[in-house]
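Quick note: to get the numbering used here, add 3 to the position in the sequence shown (first position is 1).
Accuracy of the hints is not assured; some may be wrong.
To be verified - Between beta-carbon pairs, the in silico distance windows are: (1) Val258 to Glu100: 40 to 48 angstroms; (2) Asp265 to Pro170: 25 to 33 angstroms; (3) Arg241 to Glu148: 19 to 27 angstroms; (4) Arg218 to Thr96: 30 to 38 angstroms; (5) Gln49 to Asp156: 50 to 58 angstroms; (6) Ala190 to Gly251: 27 to 35 angstroms; (7) Arg39 to Pro86: 26 to 34 angstroms; (8) Pro170 to Arg218: 49 to 57 angstroms; (9) Lys29 to Pro133: 38 to 46 angstroms; (10) Asp57 to Glu28: 28 to 36 angstroms; (11) Arg127 to Pro86: 17 to 25 angstroms; (12) Arg241 to Asp265: 14 to 22 angstroms; (13) Glu226 to Phe95: 47 to 55 angstroms.
Since the hints were derived computationally from the structure, they do not count as laboratory data. Given the structure is predicted, the values throughout are model-derived calculations rather than measurements. Just so it is clear, CB atoms sit at the ideal spot from N, CA and C, and this is done for glycine as well.
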Amino acid sequence: MGRIVRLIEQDVATIDRIVAVTFSEKAAGELKLRLREEIERARSRQEPGTPGFDRLSRAIYDFEEAHVSTIHGFCADLLRERPVEARVDPAFTVLTETEGARLFDEAFTAWLHDALEHPGEGVRRSLRRPTRWNPEDEDDTGPIERLRRAAWDLAEWRDHEAAWTRPAWDRRSAVLGLADELRDFAALTARPLKRGDNLANDTAAARRTSSDIERHRRLGGEELDAWEAALVLLAEDRNFAKPRKGSGAAFAEGVTRQAALDRHAALMTRLAAFREDANADPRRCFARRCATVSTATRIASDAWARSISWTC
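Please build the complete structure, drawing on both the sequences and the hints.
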């Protein structure tokens with residue numbers, strides 16, 4: 004506040020060339036009142052007729068020319084001053100966060116209904132991911148909510164310098180290769196010497212996942228979406244990720260416990276890398292589709308833009 008007053012008092016800037024922005028309407032109103040009070044207080048310390056007194060007096064007289072507002076309001080003023088360059092209707096209004104969220108929900112729901120009739124790869128793979136309820140995460144309500152959050156993030160982060168790219172990733176080879184490695188690990192840990200072995204118990208999820216995948220493969224099916232989701236879920240299984248070691252040097256016939264732990268560590272490294280690629284790829288695919296297909300482009304250019312494009 005004092006800095007603004009000094010700029011005016013020392014003739015560095017006039018009130019109409021000062022910009023003070025904040026985030027909320029309430030804070031902007033308080034800032035404007037405080038600035039006015041500081042200018043009047045500074046003028047009271049000057050002798051009438053001095054240059055400083057005259058500058059501060061002009062600042063009070065022209066105070067309504069000061070740009071003291073929210074960031075949104077300041078950007079809206081700039082757009083209204085240059086509507087042709089910005090290609091906007093000068094009579095536009097900035098929606099509140101509540102209004103913007105409501106408009107987004109309407110647009111997303113309409114888009115989702117269209118997308119579910121002929122789901123693209125990104126949507127299809129995202130919907131296959133199982134829901135893992137976490138009592139500490141109230142927003143984790145399922146695949147639809149995950150898509151909604153992804154769409155909102157895309158709308159918020161929409162000023163891209165270039166088109167969305169999708170790096171090459173051989174998903175089929177990655178899924179089948181990891182399924183083979185999982186099958187070998189399942190066979191290695193299937194028959195522990197000790198009943199109730201902790202290591203065997205905590206790696207049971209790997210054997211169940213492998214059994215499901217191998218059953219489909221024997222029947223001649225290839226459910227890459229389902230297998231990808233199952234492998235990602237296994238990578239996120241806390242018991243499997245950090246199993247108890249158990250006791251005894253021998254784990255199974257011809258298999259030492261250390262050998263089993265080493266194979267588990269190697270498998271977890273592969274699963275973690277696979278999870279990172281598998282989670283990133285549909286996001287890129289989804290974002291790319293939202294930026295290119297007609298349905299999503301209509302949402303982005305119409306509903307989303309009306310709700311938040313002019314909020315800077």
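Against the structure, the hints:
| no. | hint | in the structure |
| --- | --- | --- |
| 1 | Val258 to Glu100: 40 to 48 angstroms | violated (58 angstroms) |
| 2 | Asp265 to Pro170: 25 to 33 angstroms | holds (31 angstroms) |
| 3 | Arg241 to Glu148: 19 to 27 angstroms | holds (22 angstroms) |
| 4 | Arg218 to Thr96: 30 to 38 angstroms | violated (58 angstroms) |
| 5 | Gln49 to Asp156: 50 to 58 angstroms | holds (52 angstroms) |
| 6 | Ala190 to Gly251: 27 to 35 angstroms | violated (20 angstroms) |
| 7 | Arg39 to Pro86: 26 to 34 angstroms | holds (30 angstroms) |
| 8 | Pro170 to Arg218: 49 to 57 angstroms | violated (32 angstroms) |
| 9 | Lys29 to Pro133: 38 to 46 angstroms | holds (43 angstroms) |
| 10 | Asp57 to Glu28: 28 to 36 angstroms | holds (33 angstroms) |
| 11 | Arg127 to Pro86: 17 to 25 angstroms | violated (42 angstroms) |
| 12 | Arg241 to Asp265: 14 to 22 angstroms | holds (20 angstroms) |
| 13 | Glu226 to Phe95: 47 to 55 angstroms | holds (48 angstroms) |
When the structure is compared with the earlier hints, violations turn up for hints 1, 4, 6, 8 and 11 and for no others.
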